[in-house]
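So the sequence lines, in the order shown, correspond to chains A and B.
At position 13 of the first sequence (counting the first as 1) the number is 13 in the working numbering, and the numbers step up by one without a gap.
At position 76 of the second sequence (counting the first as 1) the number is 76 in the working numbering, and the numbers step up by one without a gap.
Quick caveat, the hints were computed from the structure, so don't treat them as lab data.
Fair warning: there could be bad hints in the mix.
Subject to a maximum C-alpha distance of 25 Å in a straight line, what follows is the list of computed DSS-like cross-link-like pairs (lysine-lysine) [claimed, not checked]: (1) 99/A / 44/B; (2) 94/A / 44/B; (3) 42/A / 71/A; (4) 68/A / 57/A; (5) 37/A / 111/A; (6) 37/A / 15/B; (7) 37/A / 99/A; (8) 42/A / 78/B; (9) 71/B / 99/A; (10) 15/B / 71/B; (11) 57/A / 71/A; (12) 99/A / 42/A; (13) 68/A / 11/B; (14) 44/B / 62/B; (15) 42/A / 111/A; (16) 111/A / 22/A; (17) 78/B / 44/B; (18) 68/A / 42/A; (19) 44/B / 83/B; (20) 99/A / 11/B; (21) 22/A / 37/A; (22) 83/B / 15/B; (23) 99/A / 57/A; (24) 111/A / 94/A; (25) 44/B / 15/B; (26) 42/A / 11/B; (27) 71/A / 71/B; (28) 71/A / 99/A; (29) 42/A / 44/B; (30) 111/A / 68/A; (31) 22/A / 44/B; (32) 111/A / 71/A; (33) 94/A / 68/A; (34) 62/B / 15/B; (35) 68/A / 99/A; (36) 78/B / 99/A.
Pulled a few chain B residues facing chain A out of the computed Cβ check, cut under 7 Å [claimed, not checked]: (37) 41; (38) 42; (39) 43; (40) 51.
Owing to the predicted nature of the structure, the values given are computational and were not obtained by experimental measurement.
Even for Gly, the Cβ is constructed at its ideal location relative to N, Cα and C.
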Amino acid sequence: GENVEQHPSTLSVQEGDSAVIKCTYSDSASNYFPWYKQELGKRPQLIIDIRSNVGEKKDQRIAVTLNKTAKHFSLHITETQPEDSAVYFCAASKTGGFKTIFGAGTRLFVKA
Amino acid sequence: EAGVAQSPRYKIIEKRQSVAFWCNPISGHATLYWYQQILGQGPKLLIQFQNNGVVDDSQLPKDRFSAERLKGVDSTLKIQPAKLEDSAVYLCASSTRQGVDYGYTFGSGTRLTVV
Chain A
1 GENVEQHPST LSVQEGDSAV IKCTYSDSAS NYFPWYKQEL GKRPQLIIDI RSNVGEKKDQ
61 RIAVTLNKTA KHFSLHITET QPEDSAVYFC AASKTGGFKT IFGAGTRLFV KA
Chain B
1 EAGVAQSPRY KIIEKRQSVA FWCNPISGHA TLYWYQQILG QGPKLLIQFQ NNGVVDDSQL
61 PKDRFSAERL KGVDSTLKIQ PAKLEDSAVY LCASSTRQGV DYGYTFGSGT RLTVV
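Pulled out of the complex, with its shape left as it was, chain A reads as follows:
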């Protein structure tokens, strides 16, 4: 079946460093790629998304890149802060949110 692989499962960085999380998807019909941040005991919250007609999108310290040919997309967090510590999920879906599949998550630790 269709799936989304996410790496690494755990990432530890020093405050101020950059963090990169990578995802690969299998369904070539996927055209919408959101990223969610989930703090301990809380709901996942959308932090950034990208559509298939765009190669890169940036919002302050976070950016997402998409390579449709290779079917992979990445989340980049620069100047990390302790409050960035959380679990990050990537997802891939088709138009209208159909067949959304989530990655297994990356637990990010930012050490002060």
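Using the hints provided, position chain B relative to the given structure of chain A.
For chain B alone, coordinates are given in the frame of chain A:
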């Protein structure tokens, strides 16, 4: 804007018992989703509604799980009978689908423990 409301927040039941969860999406959101999130894993879609019609329930264990969305607004998810492996957080989410933004807004979830 009010968020996605879910209840109860926590539920503990014995295996083979029944349980029901309730979700009220953001007003005007036509698409409603139920996800199961087992500890340490990503959310897994159980069922997707568009208004009051089901558009995807391919991963719903239909022998024990059922869901409905009457009048295209509130939704309930039921498990009958529950198994130990059903212990998870059940997340409801909604989205507009009509607009540019297809991102979900999740509710706080219901943490189910089956003992």
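Hint-by-hint comparison with the structure:
1. 99/A / 44/B: holds (10 Å)
2. 94/A / 44/B: holds (16 Å)
3. 42/A / 71/A: violated (30 Å)
4. 68/A / 57/A: holds (14 Å)
5. 37/A / 111/A: holds (18 Å)
6. 37/A / 15/B: violated (32 Å)
7. 37/A / 99/A: Judged against 25 Å, a Cα distance of about 20 Å means the pair holds.
8. 42/A / 78/B: With a Cα-Cα distance of about 22 Å, the restraint between residue 42/A and residue 78/B holds, given a limit of 25 Å.
9. 71/B / 99/A: holds (23 Å)
10. 15/B / 71/B: violated (31 Å)
11. 57/A / 71/A: holds (16 Å)
12. 99/A / 42/A: The given pair, whose Cα atoms are some 24 Å apart, holds under the 25 Å limit.
13. 68/A / 11/B: Violated - the C-alpha atoms of residue 11/B and residue 68/A are around 42 Å apart, more than 25 Å.
14. 44/B / 62/B: holds (15 Å)
15. 42/A / 111/A: With Cα atoms ~21 Å apart, residue 42/A and residue 111/A stay inside 25 Å; holds.
16. 111/A / 22/A: Holds, at roughly 21 Å.
17. 78/B / 44/B: holds (16 Å)
18. 68/A / 42/A: violated (31 Å)
19. 44/B / 83/B: Measuring from Cα to Cα gives roughly 17 Å; hence the hint holds.
20. 99/A / 11/B: violated (28 Å)
21. 22/A / 37/A: The given pair, whose Cα atoms are some 14 Å apart, holds under the 25 Å limit.
22. 83/B / 15/B: holds (5 Å)
23. 99/A / 57/A: holds (23 Å)
24. 111/A / 94/A: violated (36 Å)
25. 44/B / 15/B: With a Cα-Cα distance of about 21 Å, the restraint between residue 44/B and residue 15/B holds, given a limit of 25 Å.
26. 42/A / 11/B: holds (16 Å)
27. 71/A / 71/B: Roughly 39 Å separates the two Cα atoms, so the pair is violated.
28. 71/A / 99/A: holds (16 Å)
29. 42/A / 44/B: Since the Cα atoms of residue 42/A and residue 44/B sit roughly 17 Å apart, the hinted pair holds (cutoff 25 Å).
30. 111/A / 68/A: Status violated; Cα separation ~33 Å.
31. 22/A / 44/B: holds (19 Å)
32. 111/A / 71/A: violated (31 Å)
33. 94/A / 68/A: Measuring from Cα to Cα gives roughly 13 Å; hence the hint holds.
34. 62/B / 15/B: Holds - the C-alpha atoms of residue 15/B and residue 62/B are around 17 Å apart, at most 25 Å.
35. 68/A / 99/A: Cα-Cα ~18 Å, so holds.
36. 78/B / 99/A: holds (22 Å)
37. 41: holds (6 Å)
38. 42: holds (4 Å)
39. 43: Nearest chain A Cβ about 5 Å off; hint holds.
40. 51: violated (13 Å)
The structure shown violates the earlier hints numbered 3, 6, 10, 13, 18, 20, 24, 27, 30, 32 and 40.
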